[in-house]
Amino acid sequence: MSAEEYCFRLFIAGNEPNSLLAEQNLRALCVAYLPDRHHIEIIDVLQDFEAALQAMIMVAPAVVMMAPRPVTLFGALTDTAKILAALGLNDTDHHD
Amino acid sequence: MTENQLPTLSKCPTQIEGLDMILKGGLPSGRTTLIIGGPGSGKSLFGIEFLYRAALDGEPGIFISFEERAADLRTNTGTLGWDLAPLEQNGKLFLFEARIDPKAIVTGEFGIQSFLAILNHKIKGMGAKRVAIDAIDVLMRLINDERREQNELLALHQWLSEQKVTALLTVKAPRDADHARHYEFLDYMADCVIHLDNRMLGQLSTRRLRVIKYRGSGSGSNEYPFVIEPPGITLLPISDIGLSHQALGGRISTGLTELDNLIGGGYRRASSVLITGSTGTGKTTLCSAFTQAACASGEKVLCLNFEESEAALVSAMLSSGTDLSPAIANGKLHLLTAMPEAMGAEQHLVRALIAIKQVQPSCVVLESASACRRMGTEQAAFEYMMRMINTCKEMGIIILITNQTAGLSNLDEITGIGISSLIDSVIQVQLVEDAGVMQRRLLVVKSRGSVHSHRHHNFQISDRGINILTENV
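Protein chains in written order, with our numbering: chain U, 374 to 469; chain B, 96 to 568.
These are calculated hints, taken from the structure and not from any lab test. Since the structure is predicted, the reported quantities are computational estimates derived from the model, not experimental observations. A few of these clues could be false.
Label pairs and their computed distance ranges (CB to CB) [as the list claims (entries may be wrong)]:
1) Pro-443(U) <-> Ala-180(B): 28 to 38 Å
2) Asp-282(B) <-> Gly-387(U): 28 to 38 Å
3) Gln-474(B) <-> Gly-387(U): 29 to 39 Å
4) Leu-457(U) <-> Pro-197(B): 19 to 29 Å
5) Gly-461(U) <-> Ser-316(B): 24 to 34 Å
6) Gly-461(U) <-> Pro-134(B): 34 to 44 Å
7) Glu-378(U) <-> Leu-151(B): 48 to 58 Å
Beta carbons: idealized from backbone N, C-alpha and C, even for Gly.
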């Protein structure tokens, strides 16, 4: 169970500040809580609007966790505790 | 373009029945219009019809739905007889389903760039000139910060005007003062603001539209009733009543030679005739005699009946020797029956107006003014009658109206519900006691533009029809 792969799609809008911040925060969180078992795909909605349309993502930044279960997050990912709870990760370590 | 106040402001016709007249040509072209209304007020349909009518003419448009599924929109509009699918297939209409995952978690700031990026590509790709954004409040609620919401809305507004699209934004009416603040801001921002509501009048719901503001243009300032029925939204702007009535025209036989003689040859075209009397006096029989004769001489007749079903009416008339079924079969007679309580007066009116448009009758028979009172309020019934009479007079149609009065002697009640000034002829039928026998009696009370009898005439109804005795009573 602990080897579950976490797959994220991060939708950003070019290099606007909130998008840059979201990418930074997501990478930091993955390194801290999901080392070696995460995958991040970055989609720039300004370039690939079809992907945004398909995923029905209207705001950026936004994160869609594809696996192990679907979770959608909007915003610059500033509240780590809230994100961990949403992703079902324990705050103290990566036991689950 | 039809505007005459400001030649610089161009208008984008909505082709929604009656709306362009109220907006003096249409929505402000290349600008943003806001529609505010409660749940079920018809906001989304205004947005779709605005695009649908243009798409039928080959002008592409995009509908963005933040709430409803595209599939539901297709189904709902299907009930109005609209087929969106072919328009979607040939690139004239794009239903952009932008529903926001209700389970999504918000953490930190975000913007609507993704939405704009998608919209931008679609506008460019389709060459769209019209955009309807339905329930923009759903997107704004996600932001949940008044100042940021305003910034995003301003940015959206500016962006839309840069795209030179005519945009229609719909927003749910605020439920509390807190929400109202945001919409106040929207009111300032938009170039045209329209309010919709759906309220109860009597026991029937009635839809109304009001144009709150229209920057740089005049617009009708009243509340306009509207209905949503196939073939679409219909507004009923009050036109210049009475100014475009046609002059009374040639005569059509009443179906009874004796009655023709009493009123100078028959009912005149473009005239309104009220047949009044208490129950069982023969009002419907008089109407049916006329209907049968008119149809037989090639006239088209539309009967609006609020008292009986089609089958009941036809069979009741058989007893007085009038068989309406051949006229129905050969398409000369069209019957439209409904319970007055079944819908609001506006809806009744729209149904009747649509039927007049389709059937193109030269005669309309309306039974009865008294039943119209049950459409809701006295005022609603009055408006219904007034609009019906006006429409007929404008189109040169004879309209026969029956009115059931309460008493046996009823000269005071012949005015129906305050429509007497619009009535050209009044025929009163009575049952009076004469030497212990109930006797039917007919009086031509008034007949504009005709020399007519001023006497009471006895008449009989048998299985061979009506027999009017022309000698003096």
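Tell me the hint numbers this structure goes against, listed in increasing order. Hints 3, 5 contradicted; others consistent.
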